[in-house]
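As you go down the protein sequences, you meet chains A and B in turn.
Residues in the first sequence are numbered consecutively from 1, following our numbering.
Residues in the second sequence are numbered consecutively from 1, following our numbering.
In case anyone wonders, no lab produced these hints; they're calculated from the structure.
In this text, all values refer to a predicted model and were calculated from it rather than measured experimentally.
Honestly, I wouldn't trust all of these hints.
Dumping the calculated DSBU-like pairs for lysine-lysine here, alpha-carbon to alpha-carbon at most 35 Å [unchecked claim]: (1) 133/A to 16/A; (2) 67/A to 67/B; (3) 67/B to 10/B; (4) 153/B to 21/A; (5) 115/B to 133/A; (6) 145/B to 133/A.
Protein chains: 2
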Amino acid sequence: MNDDRILLCKAIEIAKQGIEKGCGPFGAVIARDGAILAEASNRVTLDSDPTAHAEVVAIRQAAASLKSHDLGGCTIYCSCEPCPMCLGAIYWAGIPRVVYACDRSDAAAAGFSDKDIYDEIMLDPAQRKITFKHIAGAGGEEIFKAWEQYESKIPY
Amino acid sequence: MNDDRILLCKAIEIAKQGIEKGCGPFGAVIARDGAILAEASNRVTLDSDPTAHAEVVAIRQAAASLKSHDLGGCTIYCSCEPCPMCLGAIYWAGIPRVVYACDRSDAAAAGFSDKDIYDEIMLDPAQRKITFKHIAGAGGEEIFKAWEQYESKIPY
């Protein structure tokens, strides 16, 4: 069994063990150069935190342990294909590689909204179920001008 | 000036004030029935947390204050159109309404990846810049069976 399969099985085992602890049925492991940096279950209902998907919790843990928002060179192992929130987090963290077991259709069959949210995100804001109101001219453009002029900024 | 504009201007002001404190140039406010539940700046580099976008930080705060992962009935005011991670978080939190100032093109012009990530998420996993490896048959399907059979589960 190669490393990818071993670490994916670990993410699956975390997902299964989490259920009885009150976690959502998802698990994630982040590793770099064969070393595990973080492992997590979904803690949405346990922590009253809608963002506490396994992947997001693991990314926060790994970044805290490295004291860096950049997780370049890492692989994230996910019991299920990351939802759009988690996939966005993976891009922002600079994680270049995702290994996963179940997919968004499996999650949908189990009652989770992953596929619906993918479908929504692909629509123009005006066509989504959520109401989007764009107010131009409220002064937002001044923010990026101030950012551009701020000499101590850290790009990310 | 109506409430939407007032609260959006507050999110913009938070974004501007955050820059000098080391925050990223984004701000968010969450309100329900005219009451502000949370307000936040982007804290990615300040906290070494790639998920700490203003919207995600505000969602965590509002959910913690309500002791619920469900932010139904809330509006989120964003200095810039939410990125896919934040939009996913908004869907998971059940927030039905988004008011925003700048958009993904403005963010791109300021050097942020929001638009690139939207473009990537719309692709099939095999076409993305990130490597996606799907390992079927690793046992992932047992997770959702266990979830289905778990009688104390809290759907979300």
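Check your understanding: What hint numbers does the structure not satisfy?
Key -> Violated hints (numbers, rising): 1, 6; every other hint is consistent with the structure.
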